[in-house]
Every structure is written in structure tokens, then in C-alpha cells.
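Novice: Here are the chains, one letter per residue:
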Amino acid sequence: MNGGGWLTIRQGQAADLSKIPALAADGFADHVLAGRARGGRLANLFGRRVSADTIRLYAFLAFDSASRFEVCTTDVRRGPEAQAAPAYPSISAQWPAAQAFEREIAEQFGVHPLGHPWLKPLRYHATDDGSPAPWGPFDPNRAIPGDYPFYRVEGEEVHEVAVGPVHAGIIEPGHFRFQCHGEEVLHLEIVLGYQHRGAERLLLHPNATRSAIVAETIAGDASIGHALAYCTALEALAGSRVSLRAAAIRGVALELERLANHVGDLGALCTDVAFLPASAYLGRLRGEYLNLTLEICGNRFGRNLLRPGGVCFDIPLASAERMRQRLEGLRSETLEVLDLMFAQSSVLARFEGVGALSEQQADEIGLVGPAARACGCRRDVRCDHPHGVFQFSHIPIAVETTGDVYARAVVRWLEVQRSLEFLLELLGNKPGGTIFEPLGELKPNVMAFGVAETWRGEAMHVAFTDAAGKLACMKAKDPSMHNWFGLARALRGMAISDFPVCNKSFNLSYAGHDV
Amino acid sequence: MLQILKTRLHQGHRTTGFPVQLPVLPERYRGRPQLDAAKCPDGCGVCIEACPTQAISTDGGLKLDLGKCLFCTACVDACPEGAIRYTQDYRLATSRRTDLVIGNGELRLAQRMSDELHRILGRALRLREVCAGSCNACDLDTNVLNTVGWDLSRFGIQFVASPRHADGVLVTGAVSRNMHAALLGTYEAVPKPRIVIAVGACAISGGPFRDSPDVLNGVEGILPVDLYVPGCPPHPLTILDGLLRLIGRIHEHAT
Numbered sequence: 371m372n373g374g375g376w377l378t379i380r381q382g383q384a385a386d387l388s389k390i391p392a393l394a395a396d397g398f399a400d401h402v403l404a405g406r407a408r409g410g411r412l413a414n415l416f417g418r419r420v421s422a423d424t425i426r427l428y429a430f431l432a433f434d435s436a437s438r439f440e441v442c443t444t445d446v447r448r449g450p451e452a453q454a455a456p457a458y459p460s461i462s463a464q465w466p467a468a469q470a471f472e473r474e475i476a477e478q479f480g481v482h483p484l485g486h487p488w489l490k491p492l493r494y495h496a497t498d499d500g501s502p503a504p505w506g507p508f509d510p511n512r513a514i515p516g517d518y519p520f521y522r523v524e525g526e527e528v529h530e531v532a533v534g535p536v537h538a539g540i541i542e543p544g545h546f547r548f549q550c551h552g553e554e555v556l557h558l559e560i561v562l563g564y565q566h567r568g569a570e571r572l573l574l575h576p577n578a579t580r581s582a583i584v585a586e587t588i589a590g591d592a593s594i595g596h597a598l599a600y601c602t603a604l605e606a607l608a609g610s611r612v613s614l615r616a617a618a619i620r621g622v623a624l625e626l627e628r629l630a631n632h633v634g635d636l637g638a639l640c641t642d643v644a645f646l647p648a649s650a651y652l653g654r655l656r657g658e659y660l661n662l663t664l665e666i667c668g669n670r671f672g673r674n675l676l677r678p679g680g681v682c683f684d685i686p687l688a689s690a691e692r693m694r695q696r697l698e699g700l701r702s703e704t705l706e707v708l709d710l711m712f713a714q715s716s717v718l719a720r721f722e723g724v725g726a727l728s729e730q731q732a733d734e735i736g737l738v739g740p741a742a743r744a745c746g747c748r749r750d751v752r753c754d755h756p757h758g759v760f761q762f763s764h765i766p767i768a769v770e771t772t773g774d775v776y777a778r779a780v781v782r783w784l785e786v787q788r789s790l791e792f793l794l795e796l797l798g799n800k801p802g803g804t805i806f807e808p809l810g811e812l813k814p815n816v817m818a819f820g821v822a823e824t825w826r827g828e829a830m831h832v833a834f835t836d837a838a839g840k841l842a843c844m845k846a847k848d849p850s851m852h853n854w855f856g857l858a859r860a861l862r863g864m865a866i867s868d869f870p871v872c873n874k875s876f877n878l879s880y881a882g883h884d885v
Numbered sequence: 006m007l008q009i010l011k012t013r014l015h016q017g018h019r020t021t022g023f024p025v026q027l028p029v030l031p032e033r034y035r036g037r038p039q040l041d042a043a044k045c046p047d048g049c050g051v052c053i054e055a056c057p058t059q060a061i062s063t064d065g066g067l068k069l070d071l072g073k074c075l076f077c078t079a080c081v082d083a084c085p086e087g088a089i090r091y092t093q094d095y096r097l098a099t100s101r102r103t104d105l106v107i108g109n110g111e112l113r114l115a116q117r118m119s120d121e122l123h124r125i126l127g128r129a130l131r132l133r134e135v136c137a138g139s140c141n142a143c144d145l146d147t148n149v150l151n152t153v154g155w156d157l158s159r160f161g162i163q164f165v166a167s168p169r170h171a172d173g174v175l176v177t178g179a180v181s182r183n184m185h186a187a188l189l190g191t192y193e194a195v196p197k198p199r200i201v202i203a204v205g206a207c208a209i210s211g212g213p214f215r216d217s218p219d220v221l222n223g224v225e226g227i228l229p230v231d232l233y234v235p236g237c238p239p240h241p242l243t244i245l246d247g248l249l250r251l252i253g254r255i256h257e258h259a260t
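Which chain is which? The protein sequence lines are R and H, in order. According to the numbering used here, the residues represented by the first sequence are 371 to 885, in order. According to the numbering used here, the residues represented by the second sequence are 6 to 260, in order.
Misleading hints may appear alongside valid ones.
Here are the computed lysine to aspartate or glutamate pairs in the DMTMM-like style, where the Cα-Cα straight-line distance is at most 20 Å [as the list claims (entries may be wrong)]: (1) K11/H with E811/R; (2) K11/H with E706/R; (3) K68/H with D41/H; (4) K840/R with E795/R.
Where chain R lies over chain H, by a calculated footprint (3+ residues, C-beta under 8 Å) [said to hold, decoys possible]: (5) 216 to 223; (6) 228 to 240.
If you are wondering where the hints come from, they were derived from the structure by calculation, not from laboratory data. Every residue, glycine too, gets a C-beta built ideally from N, C-alpha and C.
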């Protein structure tokens, strides 16, 4: 049972737009907070322009242990005078988990979340109709973050460290501003938006291949995860379901993606604490997992494998057996190195107690994925909201409690083991069915969503159709939307030299956040 | 300590023998596309219609722009005549943008940098990578060249932290408006003579994000490019092959 004023919905189901409860804008925040009091987790909050002067906000709460989501909306309109900007009372004022989402809404549509504790741009672009955002009109001639009012700590021995957008290594652009007292970080502020490519609009591209590829390139290292959420949403709009065989191949690809990234991250953590043997071996092993994906679909990142309606490449019996044998070999090679890594006191000493978040902080911020599980939060889409192959094969949730770099590493270590076991089982036992069936007509005036547990956590794609059954709006959320704030928070009180290892333990997506 | 040594023995030597030994790529790997316009019926344009990035044209014969190609299978799936197929040839990098547009003929692969440049940079090339509106895949498969599997530094090529220590920039991404200034600033900080390498469909043409108002469709017209490495993302081998051609370590040509 939901609390009233909410529509209960599961991933892969289409809901009539008219059935989604509409709240008054004044009471929206209180309504969402009441949902939080019932145990809801803020999974998504976004706006959608429904007419020239109306923005409809959608709030999604996840009730993970009950395997359901709840959704409600409110319409925010311009005031009676043309100048009055659309506004509603902010949720972030009482629930920090909403902070990035409300900034996104303000930036996209010029909607004011009244009382937002720290309203500032998220990705640096103009509003959709050119109206000013709460911080003023957008000036494309100003480079970010030069003229940005950073939070500053004043004091005699306080100093500021600025890093980025171009970093030292081969990584994505972002700007980090540290307020330090000696080595100690008092505050870290993260400015993103450099990777903003306008991907969400391109998800509506009339060329279906183009929009599917855009879904895969929202965050390139989570191509499979995003494609899975995207396909689930579109398949729900068409009321279709993929065969068990297609679902199994999707599951294989998703877990290979997790393995490649977790193994790579554990190696990179070793690099940051100068344990070079494991860093070298894991860096190489990461590539072996990518090469298995290459084997399946001709691309190391799994491009072109998932499409709405199924998958484009089959795994024939002989290659499934070959992959299984390669995975057996990789399992012993990988686990040997991880055993070595976690047996080094020099490694553990640099991981333990660094960048710790409590379970309560994780809930306030709304962390997802390994970062949340490291704090003791039992949430994993594969178990909580199972879809596709995860309805039949279960992967146990890996949880740690200390919430520090160590816990985030251990959760990855456990997930590597569990994904390997899952894959070995799945590849030995592949179900039948056609791998691809073209989608039929989309239902008119409905909304549906897909969620996938990418290696970083919950990715969510929400799709809407119009009265003619045409795709009218797509909303893509990367888990990084939740977790960047967690990294900033985790660094408080740490030494600035802890930043690399802390950052790597979260390893968040810039592209996925910036879309 | 003993455990470290034991693991070292188990893990073995893993660096690829490339370019002396040629790699074996899996059957499904999609390398250079091959066109056979003789198979095209008059007036058929299903591949043009199917291509997500308008990489195919029939202006003066069937042509495919590798700089726009995302190496998906849309054209191959759409063509009833089998006029387009992917080969396993990973060699794709060129020196000129126009060389990326292929027809029936061979692909003119990248040339060694000029003698003057080669004298200064050829034996120790230091690059600053700039990610400017990518999805991160090109960056990851560039970074992978630093792992023991590829060991890029054995060729005298290194990625450095500061543009002031670099001989050029390697750019990925469609050049988002928000990275434009940082890209120019980084390039300006590289001492002359300097080179520019564009890696991936995004950096060359905007890739899947082409014509989005938030991107500038790659580095074309923003920086002078010395090496184009197509792909979405290019395989690490394609990137390495291009880099080695640029410094004159590989000469042979595609057929």
C-alpha cells in the first residue's frame, strides 16, 4: 500500500499519464517528505515542460525492500505577472538527496525551488525557453568556473587549492575546489558540466539507431547499464517483453561490464597507494573482461549489443563454452591478485578510515551503488527491482559497514566474486528464444521507466509518449547524480593527499552527470 | 613478499608483441568497412537512410566517412545486397580529414610527421590528453595503452600531466561548449612546435552528439589536426597503430 497521492509502479510497466496523482505545488515538498518518512528513497526528481508556461515535476520514490516505486507530480506555473518565475517550496531544504535534481530543474526551466539551501548551476547551459534561471540569465561567453562564487573558508592559515577541469591523468573534466587548513580539507566543492553534450534531447532523435547509441554514450563505461535501462523503458511503452535468451545475454553483458570496471577500479586504487604489482595485473585483467564483451558484440564497451526488442548478437553454444573456460581462468588470476592486494597492510592502512560516510549520511545524500552498500545500505536494483534475467538468477547483495575507502573496495571485491559465479552459471545454462523482436507501436499517453544496477549504481531511464503514441520525452539519470555529493562530503576532515584514493573509490561519471 | 613473488610468476609477461607480432582480433570485431558499389542497384539509398550519423553518401559513387562512422551495424543490416561489410582491419588512422572518406579504393593511412617535427618530437613524444565532451570510452581505451598489456612508453610516447611538458594534445569528445575555453587554453600552453591528435568519432565530427547545440562537432576548425583516429571508440590497437605511424615506427599500407 502506498501513502495516498502516489501511484505505485514497477520498472517495465507503463502507467497512464492521467493516473499519476497531481499535487498542488505548495504541498509537493511536504508530500515527498512524507514519502521519505514512510521509508522512501529519492530515486529521481525531474521536470518536463508540458506547455509554454507549465513545468510538470515528477518525483520518484523507491521502496527497495518492497520492490516498488511510487511517483507523483505537480505543475509549476509562471505567476500572474509575466515576470514572476515559476516556483515551489524546495525539497532539498529538508532532504539533501534532492539538491542536484532541484538545481537541474532550475537550470533547465528557470523554476525556483524556494528555500533551496545552496542554489547554483549544475551543468552551465541556457534554460529551454531562454528565461533566466534563479541565478540570472545564462551567458555563454563566460567560461566556467572562472567567475563562480565558491564557498570560501576565511582564516589566517586557510588556503585554497583549485584543480581542473583538465586534470593530471587521462580522465574526464571537472573542477575541484578545496578549502584547506594545512593538509586538512575543510570543504570540497565540485563543479561539473564540462561534459554537457545535450544527450537527453538526442534520445528523441528520429533515427532509432542514433538514439540507442546516444543512450549507450551517456556514460561510455556504463554503456550496457544505460542501454539496459533505456531498452526496458521503451519495451514497457510498447508493452513487449524480450525472450529469456535475450535477457540472459543482457545479463552476461551487464556483469562483464561490472567485472571490467570493478577490477579496473581496484587496480587504480592500488596505483594511488603505490602498490604497483596489483595495479599492473588488475589493469591488464580489466582488458581481458572488456575483450570478452568484444567477443560477444565486436566492441569492448558493448556498443550495439542491446536494442529495444532484444539483443543484436547471440552467444552460440560453442562460444558460451569458450567464454566460460576463459572466465574460469580469469577468475583464478583475478582472485589471486585481489587476495594479494587485501593481504597488504600497506594497502589497508591507506584505505581504512579514509573518506568514511555513515549509513545515515548515505541515506540523507541518497547514495546508490557500491558507495551506498559500503555504508551498510542494502540496495541493489538486481535484487530489489529484478527484471530480465535477475528475476530468475539472484546475486546476493554485497554489504560493508564502515563506509570508507576500504569498504568501497571490499564491496567491489565481493561483487567481482559474485558476478564471476553468476556468469559461470549463466553461461553453462543458456535458455532458448529469439534474440530480437522489433517493438510494436508505443501506447499513447503513458510513462514507463527502466532501472539497471550499473557498476556505479542505479541508472534510470524514464520515457513518455504523447497522444499519438510518439516518444515525447526521455529522462536519463546516471547514478553519479546521487553520488558526487557523497564524494564532496566524504572528503571533509581528510588530508588533501587522500583525495585521489577517495575519488577513485567512488569513481563517478562526469559524462553521466553532465549528460 | 613471497606471495608477491608467487603472484608475479603466475601472472607472467603480458605485453603485446605489436607491432612486430600482429594481433588476432575476434571474429565479430568491426574494423575498416569495405564498400562494393558494384552491388548497389540504381537509386537505392537504404544505407544512407539507416546510418545514424549520415556518414554514407552516394555523391560520385558510394562513399563512407570514417570520421562520422560509429561502427554500428545499421548500414550492414539495412543493405539487402551486402554492399557494405566490416573487415577486421584495425588500421584506420589518417593524416588528413579527407582521407577518412572512403570509396572503393584503399584507405590512405597516416603518414609520418614532417622531417622537421620528427627531428624534434619523433623519438620522445609527450602528449597531454584533453577530454572535451566525450562519453569517456575513448579516454579509457587511450589510457589502456599505459597498462602492461600495451606498455606505450617502450615507444617513447608518454602522457604527461602538464601541457607545458607536452609536445601536443590528444583530444577526445565532441568539444562541448563548456570545454571549449579549457581546450584552447591547454593547447596554447603547449610549447611550439606542437601537434594535435583527434581520437574518436566525437573529436573528429561530433560523433553521436553531432549538431547538438551544446557541442561544437569536434576539433575541426578549432585546432589544426595532425592525426585522425576514427572509431566509437577506436580499439586501443587502432590508436597505437596511428601513434606509431605518426612517429614513423610503422610504414606499411593497407590494401
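Novice: Are the hints correct? Go through all of them and say.
Specialist: Consistency of the hints with the structure:
no.	hint	verdict
1	K11/H with E811/R	violated (59 Å)
2	K11/H with E706/R	holds (10 Å)
3	K68/H with D41/H	holds (10 Å)
4	K840/R with E795/R	violated (40 Å)
5	216 to 223	holds (count 4)
6	228 to 240	holds (count 3)
Checked against the numbered hints given earlier, this structure breaks hints 1 and 4; the rest are met.
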